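Q: Each chain is listed here by its residues.
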Amino acid sequence: MPNITYAQALNEALREEMRIDPRVFLMGEDIGHHGGIFRVTKDLIDEFGAERVRDTPISESSFVGLGIGAAMAGMRPVVELLFMDFALVAADQIVNQAAKLRYMSGGTVSVPIVVRAQQGGGRGNGAQHSQSFESWLAQVPGLIIVAPSTPVDAKGLLKSSIRAGNPVIFIEHKLLYNTKGDVPEGDYSIPIGKAEVKRDGRDVTIVSYSRTLLFALEAAETLSQKGIEAEVIDLRTIEPLDINTILESVKGTGRLLVVHESHSNCGLGAEIIARAYEQAPERLIMPARRLGAKHVPIPVAEPLENAVLPQPADIVEAVEAMF
Amino acid sequence: MPLTPERLQDAYRQMLVIRKFEEAIRNLYQQGKIRGSFHPCVGQEATAVGGCWALRKDDYMTCTYRGHGQAIAKGLSVRAAMAEMLGKATGCSKGKGGSMHFTDPSIGLLGANAIVAAGIPHAAGAALAAQLQKKDQIALAYFGEGAVNQGVYLETLNLAAIWKLPLIMVCENNLYSEMTPSHETTSVVETHKRASAFGFESIQIDGNDVELMYNTVEQAAAKARSGGGPIYIEAMTYRLWGHMMGDPEVYRTKDEVSKAKENEPIVRCGQRLLGLGCTEADLTRLEGQAEAMIEDALQFAEASPAPQPVDAFTDVFI
Chain A
1 MPNITYAQAL
11 NEALREEMRI
21 DPRVFLMGED
31 IGHHGGIFRV
41 TKDLIDEFGA
51 ERVRDTPISE
61 SSFVGLGIGA
71 AMAGMRPVVE
81 LLFMDFALVA
91 ADQIVNQAAK
101 LRYMSGGTVS
111 VPIVVRAQQG
121 GGRGNGAQHS
131 QSFESWLAQV
141 PGLIIVAPST
151 PVDAKGLLKS
161 SIRAGNPVIF
171 IEHKLLYNTK
181 GDVPEGDYSI
191 PIGKAEVKRD
201 GRDVTIVSYS
211 RTLLFALEAA
221 ETLSQKGIEA
231 EVIDLRTIEP
241 LDINTILESV
251 KGTGRLLVVH
261 ESHSNCGLGA
271 EIIARAYEQA
281 PERLIMPARR
291 LGAKHVPIPV
301 AEPLENAVLP
311 QPADIVEAVE
321 AMF
Chain B
1 MPLTPERLQD
11 AYRQMLVIRK
21 FEEAIRNLYQ
31 QGKIRGSFHP
41 CVGQEATAVG
51 GCWALRKDDY
61 MTCTYRGHGQ
71 AIAKGLSVRA
81 AMAEMLGKAT
91 GCSKGKGGSM
101 HFTDPSIGLL
111 GANAIVAAGI
121 PHAAGAALAA
131 QLQKKDQIAL
141 AYFGEGAVNQ
151 GVYLETLNLA
161 AIWKLPLIMV
171 CENNLYSEMT
181 PSHETTSVVE
191 THKRASAFGF
201 ESIQIDGNDV
211 ELMYNTVEQA
221 AAKARSGGGP
231 IYIEAMTYRL
241 WGHMMGDPEV
251 YRTKDEVSKA
261 KENEPIVRCG
271 QRLLGLGCTE
281 ADLTRLEGQA
291 EAMIEDALQF
301 AEASPAPQPV
311 DAFTDVFI
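Top to bottom, those sequences are chains A and B. All residue numbers for the first sequence refer to the working numbering, where the first residue is 1 and numbers rise by one. All residue numbers for the second sequence refer to the working numbering, where the first residue is 1 and numbers rise by one.
Treat the hints as calculated values from the structure; they're not laboratory data. In this text, all values refer to a predicted model and were calculated from it rather than measured experimentally. C-beta: ideal position from N, C-alpha, C; glycine also. Be aware that one or more of the hints could be misleading.
What the hints assert, rightly or not - Cut-off 30 Å, straight-line C-alpha distance, at most; resulting in silico cross-link-like pairs (DSSO-like, lysine-lysine):
(1) A/Lys180 x A/Lys42
(2) A/Lys194 x A/Lys159
(3) A/Lys174 x A/Lys194
(4) A/Lys180 x A/Lys226
(5) B/Lys164 x A/Lys42
(6) A/Lys42 x B/Lys57
(7) A/Lys180 x A/Lys194
(8) B/Lys223 x A/Lys159
(9) A/Lys251 x A/Lys226
(10) B/Lys134 x B/Lys223
(11) A/Lys251 x A/Lys194
(12) B/Lys134 x A/Lys159
Stated by the list, open to error - Here are some chain A residues the structure puts well away from chain B; computed CB gaps all over 12 Å:
(13) Asp30
(14) Pro299
(15) Val300
(16) Ala318
With the hints as constraints, model all of the structure from the sequences given.
A: So, in structure tokens, the structure goes:
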């Protein structure tokens, strides 16, 4: 099986879906001959031409809106936002339009659009280029939210997202693009709405996704050396949330930690923990915990950024405090 | 090809259906039977009928919360529209959309929108889809001059021009942005000049003349359909009622409104028909037919079942 990067896996998914389905086309800034700042759309314009790989002006609101209109008219647009932070420029089109049109029309229209964007910190991009918005977006009924952590999931989930028939926010992470993994050649898909146990363990359940999933796996190795075996669950899909896989794991471990890069305050960790206490309080032998970004904008200097965003050592510390 | 005298009679009746629809809604609203807001299009029926009748059924259209007339003119069932207003399961959106979100893709109506200017890129996107699919469909976006200071309006002007989309943008300039005179808040309030600046072929016309509206959109549609790129039509009109129910209309005088009534599209179309040889009796007959349609729609909507609470949880995700 080829060992390729996360960015290459996404590129394969786009290329394969564009070959299979003439309705699929791409829009975004610098995605054509430039190939995208993270090379996700590299060389696609050579195979599919400028009609289907469309460079846009820096006008997120309108090109997301055009994507919505094209989707309603039978196309399968995949729209790229250069940074997730720019989703706020297109927030009306994402939140008021894409998410709601199917519902408001009584199901007579559908909006099969994928909005891809990379988010997150870790490379000093500052407060307007490092945010993570999945907790916000999960508050909006009508949006599917996907956030793969590995190349194999990235390819399989992007294919599922393009075929989903409903609006999908496809969350990438700027520091995952160069990570590598084994990825099957050709067509396969990973189902939306299914978490995966990425590491088995009996003592504590760590739930994460995207880049902090890799931190959780790293922390699990450290914890193992200290005699704590962590089960690490990769959510892969934020919405709809696979709470059953989490509760099943907690049945065995009795301890739950949720780790994410979006801010802790009113975040996804709070939601997952609330659901765990609502649905299976008896399974939690210790109070559940969450780790997210601390409640300040994301700073640039490395020691500052590391102090704000959860690090592997923070995960180890949080788990140890549960024993 | 201009409307024949027979088709002009049909257009007259269609404008009356829209007028009487809005009057019926006002009555229902005053009886407390309508939930939410209602933004009437009374006085703007010619832009709706002239514009939509110049399109094909499979052409796309988006409009705004003041879009009852446009939706009906494009072909939305008056029964389904009325039922939607009353929140019935038989409404065009099963009671989920209401007054501001009439939608029916079977007639190309991709949706009325409650966010000012937000539907414009959807029409442009549908035009892009037609272009990519090598089909000869076009799209038309209705919006008011109150939309021209929204970023997405300006952004879409740019994209539509640069991509030569088969798109007609119709600005219904009714002089007031919600409850403020537009000239007070808008630099270059003649909005067609803005479109010209983006490279559009653009024109300002009398939007209360249904024949002129029809001819203008028909020519624009032919141009767009043949790959000639987007066209911008600024249709000057006047909203005879307030922005919404309960608008105290402090921004204009009663005198101004009564003067505007002399220029309103239905009266003008009636005079034109008389000039073409119709009799007063013909006009009365057409009005009676319009009334009957509204009465039928009211009876249908009143007799229709309400949606069940469990229906609130369908039509989202898969």
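Q: Run every hint past the structure and note whether it holds.
A: Against the structure, the hints come out as follows:
Between the alpha carbons of A/Lys180 and A/Lys42 the distance comes to roughly 17 Å, so the proposed pair stays at or under 30 Å and holds. Distance restraint check for A/Lys194 and A/Lys159: the Cα-Cα separation of roughly 15 Å lies within the 30 Å cut-off, and the hinted pair is therefore satisfied. Our distance criterion of 30 Å between C-alpha atoms is met by A/Lys174 and A/Lys194, whose separation comes to about 23 Å. For the hint linking A/Lys180 to A/Lys226, the alpha-carbon distance of about 28 Å falls within 30 Å, and the restraint holds.
For a cut-off of 30 Å, the pair hint linking B/Lys164 to A/Lys42 stands: about 26 Å separates their Cα positions. Of the pairs offered as hints, the one joining A/Lys42 and B/Lys57 is violated, with about 40 Å between alpha carbons and a cut-off of 30 Å exceeded. Taken as a hint, the A/Lys180 and A/Lys194 pair is honoured in the structure, with Cα atoms around 22 Å apart against an allowance of 30 Å. Restraint check: the Cα-Cα separation between B/Lys223 and A/Lys159 comes to about 38 Å, which exceeds 30 Å; the hinted pair is violated.
With a C-alpha separation of about 22 Å, the suggested pair A/Lys251 and A/Lys226 falls inside the 30 Å cut-off, and the hint holds. With a C-alpha separation of about 16 Å, the suggested pair B/Lys134 and B/Lys223 falls inside the 30 Å cut-off, and the hint holds. Straight-line distance between C-alpha atoms of A/Lys251 and A/Lys194 comes to about 18 Å, which keeps the hinted pair within the 30 Å bound. As the CA atoms of B/Lys134 and A/Lys159 are separated by approximately 25 Å, the hinted pair is consistent with the 30 Å bound.
At roughly 16 Å from the closest C-beta of chain B, the C-beta of A/Asp30 stays outside 12 Å, upholding its exclusion from the interface. Annotated as non-interface, A/Pro299 keeps its C-beta farther than 12 Å from every C-beta of chain B; the closest such distance is 29 Å. Residue placement check: A/Val300 keeps its beta carbon more than 12 Å from all beta carbons of chain B (closest about 28 Å). Every CB of chain B lies more than 12 Å from the CB of A/Ala318, the least distance being 33 Å, so the non-interface label holds.
When each numbered hint is compared with the structure, violations occur for hints 6 and 8.
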